[in-house]
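Fit the two chains together into the complex; they arrive one by one in their own frames, and the hints show the way.
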Amino acid sequence: MNSLYVISLRQLTGRPRLLIIALLTAIPILMGFIVSITDDGPSLSDLDNDLIALLIGAAVLPIITLTVSTAALGNDLEDRTLSNLTLTPAARWELILPKLAAAITVATPPIMLSAIVSTALAYEGDSQVIASVIIGFGLAILAYSAVFLWLGLATGRALGYGLMYIFLWEFLFTGFVSGVRFLSIRAYAIGVIRGVDDDRFAEDANLVISMPVSIVVLIAIIVVFTGLAIRRLRTMDVP
Amino acid sequence: MTTAEQPTTPPAAGRQPVIQVEGVSRWFGNVVSVSDVSFEVYPGITGLLGPNGAGKTTLLRMITGLAAPSEGVVKTFGEPVRNNPELYRRIGVMSEHEAVYSFLTGREFVEFAAKMRGVADTREATATAIESVGLSFAADRKMSGYSRGMKQRMRLAATIVHDPELLILDEPLNGADPRQRVHFQNLLRGLAARGRTIFVSSHILEEVEALAERVLLIVNGKLAASGDYRAIRAALNERPYHVRIVCSDTRGLASGLVKLDEVDAVNIDPDGALIAQSRNVLSLQMALPRLALESRIRLLRVEPLDDSLESVFSYLVGQ
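Chains as they are written, first to last, in the numbering used here: chain A, 1 to 239; chain B, 1 to 319.
In short, the hints are calculated from the structure, not lab data.
All values reported here derive from a predicted model rather than from experimental measurement.
Just so you know, not all the hints are guaranteed correct.
Said to hold, decoys possible - Label pairs and their computed distance ranges (CB to CB):
| no. | chain 1 | residue 1 | chain 2 | residue 2 | range |
| --- | --- | --- | --- | --- | --- |
| 1 | B | E86 | A | L163 | 36 to 44 Å |
| 2 | A | L9 | B | R123 | 16 to 24 Å |
| 3 | A | G156 | B | P240 | 43 to 51 Å |
| 4 | A | Q128 | B | F28 | 51 to 59 Å |
| 5 | B | F28 | A | L9 | 32 to 40 Å |
| 6 | A | L163 | B | G118 | 37 to 45 Å |
| 7 | B | S102 | A | L172 | 35 to 43 Å |
| 8 | A | T105 | B | E22 | 40 to 48 Å |
| 9 | B | G190 | A | I20 | 46 to 54 Å |
| 10 | B | G118 | A | T235 | 19 to 27 Å |
| 11 | B | A210 | A | D237 | 26 to 34 Å |
| 12 | B | E86 | A | I20 | 34 to 42 Å |
| 13 | A | L163 | B | S102 | 26 to 34 Å |
To be verified - Sample of chain B residues at the chain A side, in silico, Cβ under 8 Å:
| no. | residue |
| --- | --- |
| 14 | L66 |
| 15 | A67 |
| 16 | A68 |
| 17 | N83 |
| 18 | E86 |
| 19 | H97 |
| 20 | Y101 |
| 21 | F103 |
| 22 | K115 |
| 23 | R117 |
| 24 | G118 |
Here a beta-carbon is modelled for each residue, glycine too, at the ideal position from N, C-alpha and C.
So that you can see chain B by itself, here it is in the shape it has in the complex (with noise of 0.2 Å):
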């Protein structure tokens, strides 16, 4: 995994990048919601990853020209997108926020969006988006009465009305059923596949490793690091996993889980319960019950601590 001094490796020699941010921060009175952030965005899906409040939102709404940063420099197609109306042209900006005209019928919507982007034949334009999202059969419909993920499809056509080079989506499979994130996968991976750069935020690990090639894991405002996601599901894998058990006879218990191979501490918590620490998880799974009954220790409680995003983000932040 490379660092976050280190720039993400451009997928070619001599490619410009789409985008560069060098040492952005930003602040709101004390709050340091960015801080010191660089890196530089290549053609391809790469994924903005990082809990909730991280800054994902604050760092891409400057990437977009939305807020202006405190400090530092943001350029798209190697000029200050800030104030540069013309460069709108070239990007397409899905914010995180249903902000959409609910008096509106969708196609009416993206037809706006394409307008407002001086789109040639707006009508052609907008019926070719909304089949690529495959909402044509709804597109005459209201859209106060679409579901949050037709909603968020539509957005997403409103995006892509003008075909632009850059795309910039923050959280967009949010609310879409596991049906249409696959949609909006593949229509994500066909359009890097034209050359399209798509830079796209989430916090579900899952959700970026199966769209983009390259991740920017972002944790308390800074940078954590950046590259290939295989390295940061094969730091994933190596993690320890904390595992709280409640039992029959906790010292009992605990002087049997020392003894397996699987286990690498074991300790008792103030509430009497034992917390095991183990690098094969799925091993101690199959370990524990099998050590329960040869022991005649009752479990009547097992449960993971290291589930929760955060605790994720915390261990790849500490390597």
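Bound-form chain A, shown alone (with noise of 0.2 Å):
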């Protein structure tokens, strides 16, 4: 299981998705950085939606996430190396687990990066909304990375499925709709970073959903995709 966990870290790490990944990181840390130098800056509940729920929430991170996750078993795929790991005596899950584990250390680094330093310029350094935001976030890498892990294995077009879930649903309806927010990992995050800080999203509290609930469900999720992408690696005909 290291050994293929040590190949899935080097096949992850390529120049061009570390490049994406580095964009996608300054963005927020530029936002942040300009809400700090500006006198007239935005109100905490602007910087609640704007940037932590939107910007990072449902842009950065599971875009960080998606191109990392569903390339952890969907490179293997495309590239029909998948065979080199199934023809192996390895347990499914023995091969499942290395390839989530690698996806979550390659994915969070950059986005914790990204939330930790913008929250802290934008919330000037305010150590409650940092934590709220490492576990908020910690936890929703964890269920995005289990869902675009299967995903890739479960489509060739992983990567277009994925930016439509998440620019449509997660970005768009969503935000709008507040009645499909318990169909949304996003709005679990938020419900954990409202639980850990109470100031946070307090405008928003009818749209939150609470922090036991939240952790719960998360937990459930990173539980059934992985077991979804386990169930699929054992039925489906590998290329």
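Below, the structure is given as structure tokens:
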């Protein structure tokens, strides 16, 4: 398992992918920097919505996770190296877990760097908001990674479907229609953030899901989609 | 030659088959790729021969467990191979694709394969496998810089690194130069001599002939024939050849050709060219220029019509 994890890390840290990740990482930091040097900046409520909920939660975090996690097994499918893994005595979960771990390892540092630095700049070093973002987005990274890892195995067009899901569902639909927030990973991440720091999203409290529910659902998503990926690998025809 | 319905005769009575394929079919939508194929494979080298698109790779993918049959049963060492990862401790598979991690060196690639297969001493096993394919000199170079033949050999090293009892190789000689082919063939013969079972596919008859004692012939997804390669070679030597001849006097040459013992029949095709059918094409090669010279007929073009592998297979299937 360890050697597969190491190989997967090397697969996922190709230069083009790292360049895209670096660019995405820089956007919230730039926004946080602009807010920090502007005298007449946005209100805390606007920052909650625009920086945390939208820019990081609905764009940077899911897109970076999508880019990495769909490639974790999608690359093996595309270049037909998946058979190098499946034609071994390793149980299917022994293939999926290192891949998931590698995807999380690659996606987490840039997302956390972006989230921590941008919130530190925008919220003037408020440790409570930084802690809430670390916990909330940390769980969201795990959940998105599990979902997108499965997607990368389920379809050859994972990146396209993933982007459609992020923009149409997470970014647009759940942002405007409150009733569907229960079907949004971002909403549960925000629920955790709100649970850790109850100053955040105070004006949208009726839209926020409670922290215990959010944590349970996020963990359920991780478990279910990891299970689906294992099942998919067991039943699919490997090219 | 044995027929498709008859399993390949085991080399020794009482031996258990290493691979059992029973009534296996595979279809993709309306397209049938493999149709009701049954056979058994025993230790030694067995060749799977067929033209491109015949269903060889689909069949091998089902035997290795990469794909599920739509119908039928595949067993390896008496167990279903699908969803049975433990079996891969005893099986080495080399697919037709150049599935390598180009960012790894050859040694890292083979060592990774050894670790994934739970080999105890991965370094020793890796060095031995690489040495056996004659690539020790390039082992520490990135695989992105390898030629196709070198990649194939390093993939073979990764396939045999855990010393499997059964080797399944899909078109392993693709991209190999003549020297590498000889090396490959010697290596496989050596493994077979040590009691290993080797199941190797190819679309080149000579390739299989040089390697395998037994041959399974697959055409259009069906097992057309199975048995000793010599039987197939004998059938090939007996088949009639067709030669297309364009000359300055078609009818004059036709009347001369029908008198030759080497010629079974002569036709004139719609383009006005002669089609001569012969079972002794070597003799015809000698007789034709002589006849043209004596008849003062100029030969403009002489070409065989039966050299494609598909025509060879079509002939064998028709027998």
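Here is what the structure says about each hint:
1. Distance hint for E86 of chain B and L163 of chain A: a CB-CB separation of about 39 Å, consistent with the stated range 36 to 44 Å.
2. With their beta carbons about 22 Å apart, L9 of chain A and R123 of chain B fall inside the hinted range of 16 to 24 Å.
3. At about 47 Å, the beta-carbon gap between G156 of chain A and P240 of chain B stays in the expected band of 43 to 51 Å.
4. Here the CB-CB span from Q128 of chain A to F28 of chain B is close to 57 Å, well matched to the stated 51 to 59 Å.
5. Between F28 of chain B and L9 of chain A the C-beta distance comes to about 35 Å, which sits within the given range of 32 to 40 Å.
6. At about 39 Å, the beta-carbon gap between L163 of chain A and G118 of chain B stays in the expected band of 37 to 45 Å.
7. Checked against the hint of 35 to 43 Å, the C-beta distance between S102 of chain B and L172 of chain A comes to roughly 39 Å, which is consistent with it.
8. Take T105 of chain A and E22 of chain B: their Cβ atoms lie about 45 Å apart, and the range 40 to 48 Å holds.
9. One distance hint, 46 to 54 Å for the beta-carbon pair G190 of chain B and I20 of chain A, holds here, with the actual separation near 49 Å.
10. Distance hint for G118 of chain B and T235 of chain A: a CB-CB separation of about 24 Å, consistent with the stated range 19 to 27 Å.
11. Range check, A210 of chain B to D237 of chain A: Cβ separation about 32 Å, and the 26 to 34 Å hint holds.
12. About 40 Å separates the C-beta atoms of E86 of chain B and I20 of chain A, a value consistent with the hinted range of 34 to 42 Å.
13. Roughly 27 Å separates the CB atoms of L163 of chain A and S102 of chain B, a value that falls within the hinted 26 to 34 Å.
14. For L66 of chain B, the shortest C-beta to C-beta distance to chain A is roughly 5 Å, which falls under 8 Å, so the interface hint holds.
15. For the restraint placing A67 of chain B at the interface with chain A, the shortest Cβ-Cβ distance is roughly 4 Å, inside the 8 Å limit, so the hint holds.
16. A least Cβ separation of about 7 Å between A68 of chain B and chain A falls short of the 8 Å threshold, and the interface hint therefore holds.
17. The criterion of a C-beta within 8 Å of any C-beta in chain A is met by N83 of chain B, whose closest approach is roughly 6 Å, and the hint holds.
18. Proximity of E86 of chain B to chain A holds as hinted, the smallest CB-CB distance being about 5 Å (cut-off 8 Å).
19. For H97 of chain B, the interface hint holds, since its Cβ comes within 8 Å of a Cβ in chain A; the closest pair sits about 4 Å apart.
20. Annotation: interface hint on Y101 of chain B holds; nearest CB of chain A at approximately 6 Å, less than 8 Å.
21. With a least beta-carbon distance of about 6 Å to chain A, the hint placing F103 of chain B at the interface is held under the 8 Å criterion.
22. For K115 of chain B, the interface hint holds, the least distance from its beta-carbon to any beta-carbon of chain A being 4 Å, beneath 8 Å.
23. A least Cβ separation of about 5 Å between R117 of chain B and chain A falls short of the 8 Å threshold, and the interface hint therefore holds.
24. The beta carbon of G118 of chain B is positioned within 8 Å of a beta carbon in chain A (closest approach about 6 Å), and the interface hint is therefore held.
Every hint from the earlier list agrees with this structure, and none is contradicted.
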